[in-house]
Amino acid sequence: MARNPKHVMLSDPNHDELQRQQFVFNLKRYLATKIRPGNKIIYKKIIEPEYKKFNGKTPESRSQINNIMNKNPSYQIYSALTRNAQEMMWDSVADPIYRNKINLSEKYKKIDKKKSKLGSINLDQKFNIPNGIKKVDIHLQPGGYASDYNSNDVLAGAFYEGGGNLYSLGNGVGVAEGKAEVIIRFLKEKFPNFTPSRILDCGCSAGSSSTPWALAYPNAEVHAIDVGASMLRYAHARAEYLGAKVHFHQMSAKEIRFKNESFDLVVSHNAMHEMPQKTTEGMFNESFRLLKKDGISIHQDVPLRFDELEPYEQFERGWDHKNNNEPYWITYATNNPKKMFQRAGFNNENIWLGRFEQLDKTINWFVSCAVKT
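The sequence shown begins at 1 in this note's numbering and counts up one residue at a time.
Hints are supplied without guarantee of correctness; some may be wrong.
Listed next, the in silico DSS-like pairs over lysine-lysine satisfying Cα-Cα at most 25 angstroms (straight line) [unchecked claim]:
id, residue 1, residue 2
1, 71, 45
2, 292, 259
3, 117, 245
4, 190, 338
5, 278, 292
6, 190, 361
7, 190, 292
Simulated restraints on C-beta separations [stated by the list, open to error]:
id, residue 1, residue 2, range
8, 110, 218, 22 to 30 angstroms
9, 8, 218, 18 to 26 angstroms
10, 117, 60, 56 to 64 angstroms
If you are wondering where the hints come from, they were derived from the structure by calculation, not from laboratory data.
Here the structure is a predicted model, which means the values were calculated and not measured.
The beta carbon of each residue, even a glycine, is placed where N, CA and C say it ideally should be.
Make the full structure from the sequences, and use the hints.
Printed below as a string of structure tokens:
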């Protein structure tokens, strides 16, 4: 299954809505590919030499560069346009979703009432959604990840998938593979004899990375967890319509209510950069506890590691933290997955960290992997 498969839970735009989405897509691509590179030229040719002239040395940290660049009119214009483009993206996605919201709820109800469902959904009415998710509209998604308006609401998931599809395309990520397909290929290349019978997807959001596991391993029992009820309802309906047997649960990744050594594979996809450090560490600890002997834990995310970047690139890549409601962006960029694996109980020789490129070479994902022995 390639990225962005068609299914009935998507809210297809009409002619005018599609044109608006295409305009936003092209605006985001233009800002990213034509305007953004000019920021570094201005910094290297004008700002850095002036700073050195008055201070005797060049800026030594991303915070110093941040203080300088945020006063520069050209960068201010770029930053304001990029923020506006993100807001416009959500507006363009919202129109067909709000127009279709009753129909989406009816589709979920129809699935929920079926007696012969492939998978299941298990919501916890007493679940306490963390404030870091509940009170933040992460990457400006309307209502955030935890919005939940009624017992059949699926808007959070609809926004996540609709906006995510447009966002990734606008940032140049191709559609040859989804995130899970990349890791499925990684597994087959690195561990050709490994066939999981029980899989857990942590921080599954709208389920786009959960369904590929069920389709790739049809004999496996696939479970997926997230904190948002609306997100999980959408994910459940989406999986059923795509013919994927997935069991969805409302749980936190740092406190997973499954028995010790009950999974062969524990994964997460683009979840770490949207988790506080304690939750990420908890997810690594839970991965070790939940895995059987010779089980594998893989946590994949965007290729953002500050220890690989010079200060200017750290500043530039940190834009989302300051301007795009990504409170854990820099926390992720500066964390240490190897140490988290070690503290969780994995042996150093069984830990692998590195990059794994998408087939169309549009992104080189960061992958952290460990085997429990």
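To see whether the hints hold, each was checked on the structure:
In summary, the hint linking residue 71 to residue 45 is supported, as the alpha carbons are separated by about 16 angstroms, within the 25 angstroms threshold. Restraint check for residue 292 and residue 259: the C-alpha separation of about 11 angstroms stays at or below 25 angstroms, so the hint holds. Distance restraint check for residue 117 and residue 245: the Cα-Cα separation of roughly 8 angstroms lies within the 25 angstroms cut-off, and the hinted pair is therefore satisfied. Restraint check for residue 190 and residue 338: the C-alpha separation of about 18 angstroms stays at or below 25 angstroms, so the hint holds.
Between residue 278 and residue 292, the direct Cα distance comes to roughly 24 angstroms. Compliance with the 25 angstroms bound is thereby established for this hinted pair. Our distance criterion of 25 angstroms between C-alpha atoms is met by residue 190 and residue 361, whose separation comes to about 19 angstroms. Restraint check for residue 190 and residue 292: satisfied, since their Cα atoms lie roughly 19 angstroms apart, inside the 25 angstroms limit. Taking the beta carbon of each, residue 110 and residue 218 are about 24 angstroms apart, inside 22 to 30 angstroms as hinted.
Separated by about 21 angstroms at the C-beta atoms, residue 8 and residue 218 satisfy the suggested range of 18 to 26 angstroms. For residue 117 and residue 60, the hinted distance range of 56 to 64 angstroms is satisfied, since their beta carbons lie about 57 angstroms from each other.
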